[in-house]
Amino acid sequence: MPVKLIEPGNDLSQAEWKLRTTRQQWLIWLGWLVGISLFLLCWKVISDNTMWVFVEDAPRQGADLLRRMMPPDWAYSERLWKPLWDTLNIATLGTLLGIIMAFPCAFLAARNTTPHPLIRSLALMIIVSSRSINSLIWAMLLVTILGPGILAGILAIALRSIGFVGKLLYEAIEEIHPTPVEAITATGASRMQVMSYAVLPQVMPAFAGISIYRWDINIRESTVLGLVGAGGIGLQLNAAINTLAWDRVSIIFILIFATVLVSEYISAKVRKAFI
Amino acid sequence: MTEHAERLQRAASGVWRRPPLIRDWRYRLALALAVLVYLVLASWSVEVNWTRVAEGASRGLNFLGAFLQPDFTSRWRDIQQGLLESLTMTLTSTVIGILLAIPVGIGAARNMAPLPIYLFCRSIIAISRTFQEVIIAILFVVMFGFGPLAGMITLAFATIGFMAKLLAEDIEDIDERQVEAIRATGGSWLQLMNYAVQPQVMPRLIGLSLYRLDINFRESAVIGIVGAGGIGATLNTSLSRYEYDTAAAVLLIIIGIVMMTEYLSGYVRKWVQ
Numbered sequence: 001m002p003v004k005l006i007e008p009g010n011d012l013s014q015a016e017w018k019l020r021t022t023r024q025q026w027l028i029w030l031g032w033l034v035g036i037s038l039f040l041l042c043w044k045v046i047s048d049n050t051m052w053v054f055v056e057d058a059p060r061q062g063a064d065l066l067r068r069m070m071p072p073d074w075a076y077s078e079r080l081w082k083p084l085w086d087t088l089n090i091a092t093l094g095t096l097l098g099i100i101m102a103f104p105c106a107f108l109a110a111r112n113t114t115p116h117p118l119i120r121s122l123a124l125m126i127i128v129s130s131r132s133i134n135s136l137i138w139a140m141l142l143v144t145i146l147g148p149g150i151l152a153g154i155l156a157i158a159l160r161s162i163g164f165v166g167k168l169l170y171e172a173i174e175e176i177h178p179t180p181v182e183a184i185t186a187t188g189a190s191r192m193q194v195m196s197y198a199v200l201p202q203v204m205p206a207f208a209g210i211s212i213y214r215w216d217i218n219i220r221e222s223t224v225l226g227l228v229g230a231g232g233i234g235l236q237l238n239a240a241i242n243t244l245a246w247d248r249v250s251i252i253f254i255l256i257f258a259t260v261l262v263s264e265y266i267s268a269k270v271r272k273a274f275i
Numbered sequence: 001m002t003e004h005a006e007r008l009q010r011a012a013s014g015v016w017r018r019p020p021l022i023r024d025w026r027y028r029l030a031l032a033l034a035v036l037v038y039l040v041l042a043s044w045s046v047e048v049n050w051t052r053v054a055e056g057a058s059r060g061l062n063f064l065g066a067f068l069q070p071d072f073t074s075r076w077r078d079i080q081q082g083l084l085e086s087l088t089m090t091l092t093s094t095v096i097g098i099l100l101a102i103p104v105g106i107g108a109a110r111n112m113a114p115l116p117i118y119l120f121c122r123s124i125i126a127i128s129r130t131f132q133e134v135i136i137a138i139l140f141v142v143m144f145g146f147g148p149l150a151g152m153i154t155l156a157f158a159t160i161g162f163m164a165k166l167l168a169e170d171i172e173d174i175d176e177r178q179v180e181a182i183r184a185t186g187g188s189w190l191q192l193m194n195y196a197v198q199p200q201v202m203p204r205l206i207g208l209s210l211y212r213l214d215i216n217f218r219e220s221a222v223i224g225i226v227g228a229g230g231i232g233a234t235l236n237t238s239l240s241r242y243e244y245d246t247a248a249a250v251l252l253i254i255i256g257i258v259m260m261t262e263y264l265s266g267y268v269r270k271w272v273q
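Residue numbers (UniProt numbering), protein chains in the order written: chain A, 1 to 275; chain B, 1 to 273.
Please keep in mind that the hints were generated in silico from the structure rather than gathered at the bench. Yeah, the Cβ is synthetic: ideal placement off N, Cα and C, and Gly gets one too. One or more of the hints may lead you astray.
Derived DEER-like restraints, expressed as beta-carbon distance ranges [claimed, not checked]:
(1) A:L27 - B:W76: 31 to 41 Å
(2) A:L27 - B:Y242: 46 to 56 Å
(3) B:L61 - A:W85: 45 to 55 Å
(4) B:R59 - A:L261: 32 to 42 Å
(5) A:E78 - B:A126: 26 to 36 Å
(6) A:A268 - B:L264: 52 to 62 Å
(7) A:L122 - B:R59: 21 to 31 Å
The shape of chain B in the complex, shown without the other chains:
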């Protein structure tokens, strides 16, 4: 309070300073020092091969040039195959992932499930969320062989963690009175879910599903790098052949599709809510 009065007094005499983001000056100093020490340590340990970077500058220009003249035609068959795999992978994995995420999500909501089931479902979510899709894809490629099936299972697994967590949080936030009302009519557990919980979480579930569809497409472009099929494999091949114009075409297609799904999902979400 006194600090506030002092500030006001100083402001009245024409000397005003804006309040800092972190109030205590000791914290500010410590934070600044820590950042400085870290930056020195980090830049000291980062080794950069500058001759190689200088060499790369011309390649970088080549690549930018390729973006202006992307080559869709000469590898069109590869691109088409990769795109088809990516899109099918995206759709099936999202559907399967959401179907599996719904029971896990209900189980992970504290107000719906008893403690043992809650802990079990929460641990599934934790495992699925910690590891990057690429890492999971490596394991599934080893198990199921190369190709889109491994990719689909990977994406479905990642979808379970994402959707179940958000669904569980949503179910924990629902209005309890409607649950009580349905329970008072003597509704069974399934009826309770269907008439009290489902209508409350459905709009958000649809919105999240569309968002996940979008994420899964983006990820499907990545997991191809480790052999799980999709357009990532096409991109990887074209880059290792130094065919920048084809790579640019693939990237432009990815950006275009992502923009389209983002636009569409925004539209559908507005329509659902």
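The shape of chain A in the complex, shown without the other chains:
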């Protein structure tokens, strides 16, 4: 009890209000001590692995970089439209493929629609492993397997999207209202009919919203997939960085920035229309 009780012998003016008990206070101090020591330890590891000479040089390097980027090579943008189209294709086709695969996965993973708990844990495992691996890593794997190109990019985006769409969709399925399900079941509908008439209409708006949201994220991610050879505007970015053509890098940055803004705007509009 943090507050001293006011008893007959206990003068009101001496009653002292404290936020925490002494024990809690000590535990909190201990927590801070452990946390800060851990942070300093980690900092030590990083600092040991750093060449501080380069870091002291950083402001000059940064200024130099900015100066070289500054007049962007506007003429180069002529040659960026095709890669940009590729990037959009990677994002859009990848999202389509991803949601097609995520859809059954989500139904198998939701507690109320799964046919069997074992299948549920399998579907959850697919969703978790797809989510834990970034699309750039998926792209790296697929490029070594399938060779460089747009296909690797599309598959990488699709594989990463399964987890994201699957997780949000199965949570939406678990939150549906049970009464329509009961009503449809009471008419003697089969399992698939219950899914199609009771569950699906309830999750459809959420599904559309999630898909558009993921598409927006995928546009961002597909701009960098080219760094590992998976097609799109990232290929040009990689080439420009490797040849130290920083004025081209800056025009690519501007284009990426514009694309991301447009896709964010579209996604926000569409999501508002659905929800």
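Here the structure of chain A is known, so what remains is to put chain B in place on it, guided by the hints.
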């Protein structure tokens, strides 16, 4: 309304169709056509080297096989070094990022900051959020040299945008009465923050910090590709050596750690809220 009555009538005569997701048939048709045209255009412009893909099928099988027999031992020193760098990078960048995100987040909350500060903080957030971590990492690697420091700064920068945006939204949603109450006692600005705002946003801030810790670990596995240290560098090396079994081991470790942090953060969030 008439449409509704018509639907009911048709349902009564035994012909019932479920209502479509998009009500206007013209929109539906236009959307379907647009999708069709896009798919034709897109599949026409995607060039796939099918012989190369067929060649890759056997490699894909090799890779799947490697997942069943991951090799943790032969490159254990590399994996250990990469993992240590990734974990330290994750922790320091999250701490630094959140410390910097708190003032930015307060500045980006319209009910706490005057307009010029608000716009300034919002533009920091916008820049940090638009660019992928990898792109920012490229720039910081050029500036600070290869190694985990560049990675740490990248992740801290990305953390600022993420945390500050969510924190600002949270502060804009707080209960104004508590702010008013503390203000009425004559509390200074700092006291206002500490006693009226902080208790209201703290549980969510802790939850978000844990979530960001999780994201930063995942991202730390990526930015190694461009030379910013961490387990991504190990993964990149093993893949370019075609050592699929080591790559599989690294991926399994990443998945394991992500699952663990997700489980732990869920537990801590339940405990905080």
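Against the structure, the hints come out as follows:
1. Against the hinted window of 31 to 41 Å, the Cβ-Cβ separation of A:L27 and B:W76 comes to about 38 Å, which satisfies the hint.
2. Roughly 51 Å separates the CB atoms of A:L27 and B:Y242, a value that falls within the hinted 46 to 56 Å.
3. The hint said 45 to 55 Å for the Cβ distance between B:L61 and A:W85, and at roughly 33 Å that hint is violated.
4. Between B:R59 and A:L261 the C-beta distance comes to about 39 Å, which sits within the given range of 32 to 42 Å.
5. A hinted range of 26 to 36 Å for the beta carbons of A:E78 and B:A126 is consistent with their spacing of about 28 Å.
6. Judged by the Cβ atoms, the range 52 to 62 Å given for A:A268 and B:L264 is violated: they are separated by roughly 33 Å.
7. The hint said 21 to 31 Å for the Cβ distance between A:L122 and B:R59, and at roughly 25 Å that hint holds.
Checked against the numbered hints listed earlier, the structure breaks hints 3, 6; every other hint is satisfied.
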